[in-house]
Amino acid sequence: MLFYLSTIYAIWLREIKRSFRDSGQLTGAFIRPMLWVMIFGIGLTPYFSGGISESTFVVPFTYSQFILPAVAVLNVMYAAVQSGVSLIWDREFGFFREVFASPAPRVAVFLGKLLGGATIATLQGMLVLILAPAADVPVSWRQGMLATLALFGLAIVFSAFAIVIASRMSSFQGFGVFSNALILPLYFLSSSVFPLDPSLSVEQQILIFPPWMVFAVRVNPITYIVDMLRGIMIDYHQFAPYLGSYVLLGLCAVLIPWAYREFQRRS
Amino acid sequence: MLALDVQNLSYHYQGGVQALKQVSFSVEEGSFFALLGPNGAGKSTLAHILANLLAAQEGEALVAGHSVKRAPIRVRKSLGLVFQEPSLDDRLTVWENLDFHARLYQVGRGKGAKIRGVLELVELEKWSHALVRSLSRGMKRRVEIARAMLHEPKILMLDEPTVGLDVSSRNKLWDYLKGLQSQGVTLFLTTHYIEEAEGAHQVVIINEGEKVAEGTPHELKNLIGGDSLRLKVIPEGLEALQAYLASKVEKVQLEGEMLHIRVGNAEKFLAEMMPQYGDKVTWVEVERPTLEQVFINLAGKRIADSHADGREQLLNFAKAGGEHTR
Chain A
1 MLFYLSTIYA
11 IWLREIKRSF
21 RDSGQLTGAF
31 IRPMLWVMIF
41 GIGLTPYFSG
51 GISESTFVVP
61 FTYSQFILPA
71 VAVLNVMYAA
81 VQSGVSLIWD
91 REFGFFREVF
101 ASPAPRVAVF
111 LGKLLGGATI
121 ATLQGMLVLI
131 LAPAADVPVS
141 WRQGMLATLA
151 LFGLAIVFSA
161 FAIVIASRMS
171 SFQGFGVFSN
181 ALILPLYFLS
191 SSVFPLDPSL
201 SVEQQILIFP
211 PWMVFAVRVN
221 PITYIVDMLR
231 GIMIDYHQFA
241 PYLGSYVLLG
251 LCAVLIPWAY
261 REFQRRS
Chain B
268 MLALDVQNLS
278 YHYQGGVQAL
288 KQVSFSVEEG
298 SFFALLGPNG
308 AGKSTLAHIL
318 ANLLAAQEGE
328 ALVAGHSVKR
338 APIRVRKSLG
348 LVFQEPSLDD
358 RLTVWENLDF
368 HARLYQVGRG
378 KGAKIRGVLE
388 LVELEKWSHA
398 LVRSLSRGMK
408 RRVEIARAML
418 HEPKILMLDE
428 PTVGLDVSSR
438 NKLWDYLKGL
448 QSQGVTLFLT
458 THYIEEAEGA
468 HQVVIINEGE
478 KVAEGTPHEL
488 KNLIGGDSLR
498 LKVIPEGLEA
508 LQAYLASKVE
518 KVQLEGEMLH
528 IRVGNAEKFL
538 AEMMPQYGDK
548 VTWVEVERPT
558 LEQVFINLAG
568 KRIADSHADG
578 REQLLNFAKA
588 GGEHTR
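Chains A and B, in that order, are what the protein sequence lines are.
When we follow this note's numbering, the leftmost residue of the first sequence carries the number 1, and every step to the right adds one.
When we follow this note's numbering, the leftmost residue of the second sequence carries the number 268, and every step to the right adds one.
No lab work stands behind these hints, which were simulated from the structure alone.
Owing to the predicted nature of the structure, the values given are computational and were not obtained by experimental measurement.
Incorrect hints may appear among the rest.
[Stated by the list, open to error] Below, in silico cross-link-like pairs of lysine to aspartate or glutamate (DMTMM-like), each with a Cα-Cα straight-line distance of 25 Å or less:
1. A:Lys-17 to B:Glu-352
2. A:Lys-17 to B:Glu-363
3. B:Lys-407 to A:Asp-22
4. B:Lys-393 to B:Asp-366
5. B:Lys-421 to B:Glu-296
6. B:Lys-407 to A:Glu-92
7. B:Lys-381 to B:Glu-419
8. B:Lys-407 to B:Glu-392
9. A:Lys-17 to B:Asp-357
10. B:Lys-535 to B:Glu-465
11. B:Lys-445 to B:Glu-427
12. B:Lys-445 to B:Glu-392
13. B:Lys-336 to B:Glu-295
14. B:Lys-336 to A:Glu-262
15. B:Lys-515 to B:Asp-546
16. B:Lys-336 to A:Glu-92
17. A:Lys-17 to B:Asp-366
18. B:Lys-344 to A:Glu-92
19. B:Lys-439 to B:Glu-352
20. B:Lys-499 to B:Glu-524
21. A:Lys-17 to B:Glu-392
[Claimed, not checked] To list a few chain B residues with every Cβ distance to chain A over 10 Å, as calculated:
22. Glu-296
23. Ala-513
24. Gln-520
25. Glu-534
Every residue, glycine too, gets a C-beta built ideally from N, C-alpha and C.
Model the full structure from these sequences, guided by the hints.
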C-alpha cells in the first residue's frame, strides 16, 4: 500500500516539477484568460448587457463577468490536453520506458499521471480565479473553494480523456490540430461565449437558433460544468445547480476506467 | 549459478515479422556477456523480453533464476537497465532523476547515501543538481548507468550503450563497466560494435533473429582458422622454410616473396620457429582474425548500419522541435 502511494507521489511530483519549469505553458495559461476577459470582455459588454433586441431576456452581468468562469474551464481543458501530449512523448521516446520496466505497479503509475495532469490543470484554472477581481467578480473564500473543487473534477475528467486519446495515438504530429479541433468546439458550444436564452423552452430556442446548435449545446457535458461554475462564481445559472456535479461524477465513472484500460493496453 | 538462462525464445511482431527464432543461451553469474549482431538482428527485442517490456510468444527466459513470465516483479528488481535511447527526464536534475528511480524501486533506507554512492561511481558528484538537459551525451549515459546501479541489481543490461558517444566518453564508460564487473555484477551487453564484444567472456552472434554462433571471442575467431601469418624470406632459405612450414601446417601458400600460412596462435608458432630459421626471415606480418571477419564468414555480410526506421524518423522530427512535441 505504501509502495503504491510512494509511486503515485513520485510520478505526480515529476509532473508538477516539469510543468513549473516549462515557462511556455505557464505563459499560455496566463495570456489566454487575459485575452478573453480584456479584449472580448471589454469589447462585447455594451452589446451584451443591453440584451438581444428580439429576445425577452437580459443577462444582468458585464460580458467579462459572464465569460470569466468559462475561461477557467478553457484553461483547465488546455492544460489537461497538454499532459496527454507529454504522455505520448514519454511513452514513445524514453522516460516511460524506465517507468514501465520498473517494478512499480501500473495502476499507481496511471493514477500518478492522472492526478499530476489534473493538479496542473486545476492550478491553471485557479489562475483565472486570481484574475477574477480584475473582471469585477468578487470571489469569497467559500466560492473559491467550491470553484476549485469543480475545476478539479473537470481537470480529472479531461486528463483521463487526454490519456485515452494519447494512448490511441502513436505520434504527436497531429495532436496539436486534433486538440484544438476538440477543445474549441466543446468550448464554443457550451453556452460559454453566449447564453441560450433560458427563459425560452427548447421549442422556442429552436425558433431563434438553428436546431443543431440547441441540440449540440444541450448534449455537450461542458455546458453543465460551465453553468455550475457560473452558479458558484456569479450566482447565475441556466440549469438546475446540481446538474453539473452529476455530469462530472458520471464522466469520471466512465472516463477513468476507460483511460486506465487504454493506458495499460499501450504500456 | 546462471544469471540468465534463455530457452528457445521466439518472438514475432503483429503482422508476422519474426524478430527471434528459437534463440537459446545462458550467461554465468559475474561474467561479461555480449550479444552481437547488426541493426535489426533482434538484439533489442531480446533485451526487451528480458526486461519484461515485451512478452515472448514461445520459450522461456530466467533472469537470476526468476521466470520472466511467472515472476516479473523479481525479474525487474534484479535487472539494472540502460536503454538504447536516452530515458532520463531532461527537465529534472540528475539528483531528481535518481530520486525518482529510488522511489520506483523501493530503495527505502539510506536513499541519499546510495544516490551519492552511484554518482561517485561515475564521477558525477559535482553535477548532481544540474538539469539533465545541460549535460553532454556521454554524461547522460553515465547518469543512466548510475541510475541502473542504484537498486543494486545482480545483472546490468545495456542495450547499445555507446551509440552516439565520442571515443573518450566511450572509453570512460568501459572503465566504469569493467569496474562494476570486477565487483561481481553480471554485464549483459548488446552491440553492433565488434570491438566491444572482443573483451567479453562469452559472445553470442545473432543475425535475422537466429543465433549463428556462440563462444568466447577466441573460440569464435578459431572458427575461421586462427591467425594469418606472412613471412618474407631470403631466396636462399626459401626451400628449407617451405619444407619446415609444410611439416607444421596443412597449407602453405607462396604469394610473391611472401609465405602465407594460418596457425592457431602466431606467437607460439614464431617462438618455436625463429630460433632455427630466424636468420632467413626478413619480415613477419601477423593478422589476428576479428569478430567482424567471423561475422562475415557466418552471415555473408558486414555488420553495418541499416537505414532509419519509422520510429527513428519520428524521433528526429521531434528533436527538430516539431509542433507540440513537449
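The hints, checked one at a time:
The straight-line distance between the Cα atoms of A:Lys-17 and B:Glu-352 is roughly 23 Å, inside the 25 Å bound, and the hint therefore holds. Of the pairs offered as hints, the one joining A:Lys-17 and B:Glu-363 holds, with about 10 Å between alpha carbons and a cut-off of 25 Å not exceeded. For the hint linking B:Lys-407 to A:Asp-22, the alpha-carbon distance of about 21 Å falls within 25 Å, and the restraint holds. For a cut-off of 25 Å, the pair hint linking B:Lys-393 to B:Asp-366 stands: about 16 Å separates their Cα positions.
A C-alpha spacing of about 8 Å is found between B:Lys-421 and B:Glu-296, which places the hinted pair at or below 25 Å, so the restraint holds. Restraint check for B:Lys-407 and A:Glu-92: satisfied, since their Cα atoms lie roughly 19 Å apart, inside the 25 Å limit. For the proposed pair B:Lys-381 and B:Glu-419, the alpha carbon gap of about 9 Å is at most 25 Å, so the pair holds. Restraint check for B:Lys-407 and B:Glu-392: the C-alpha separation of about 13 Å stays at or below 25 Å, so the hint holds.
Note on A:Lys-17 and B:Asp-357: the hinted pairing holds, with a Cα-Cα distance of about 12 Å set against a maximum of 25 Å. A C-alpha spacing of about 21 Å is found between B:Lys-535 and B:Glu-465, which places the hinted pair at or below 25 Å, so the restraint holds. Restraint check for B:Lys-445 and B:Glu-427: satisfied, since their Cα atoms lie roughly 16 Å apart, inside the 25 Å limit. Using a Cα cut-off of 25 Å, the hinted pair B:Lys-445 and B:Glu-392 holds, with the two alpha carbons roughly 20 Å apart.
Taking the CA atoms of B:Lys-336 and B:Glu-295, the gap is near 21 Å; set against the 25 Å cutoff, the hint holds. With a C-alpha separation of about 22 Å, the suggested pairing of B:Lys-336 with A:Glu-262 holds against the 25 Å cut-off. The suggested pairing of B:Lys-515 with B:Asp-546 holds, with an alpha-carbon distance near 19 Å, which does not exceed 25 Å. Between B:Lys-336 and A:Glu-92 the alpha-carbon distance is near 24 Å, which keeps this suggested pair within the 25 Å criterion.
The suggested pairing of A:Lys-17 with B:Asp-366 holds, with an alpha-carbon distance near 13 Å, which does not exceed 25 Å. This hinted pair checks out: B:Lys-344 and A:Glu-92 have alpha carbons roughly 23 Å apart, not beyond 25 Å. Distance hint between B:Lys-439 and B:Glu-352 is fulfilled; the C-alpha atoms sit about 19 Å from each other, no more than 25 Å. At roughly 6 Å between alpha-carbon atoms, B:Lys-499 and B:Glu-524 fall within 25 Å of each other, so this suggested pair holds.
Straight-line distance between C-alpha atoms of A:Lys-17 and B:Glu-392 comes to about 22 Å, which keeps the hinted pair within the 25 Å bound. Annotated as non-interface, B:Glu-296 keeps its C-beta farther than 10 Å from every C-beta of chain A; the closest such distance is 21 Å. Here B:Ala-513 stays apart from chain A, with its beta-carbon at least about 58 Å from theirs, past the 10 Å limit. For B:Gln-520, the condition that its CB be more than 10 Å from all CB atoms of chain A holds, with the nearest at approximately 53 Å.
Separation of B:Glu-534 from chain A is adequate, the least Cβ-Cβ distance of about 45 Å exceeding the 10 Å criterion.
No hint from the list above goes unmet by this structure.
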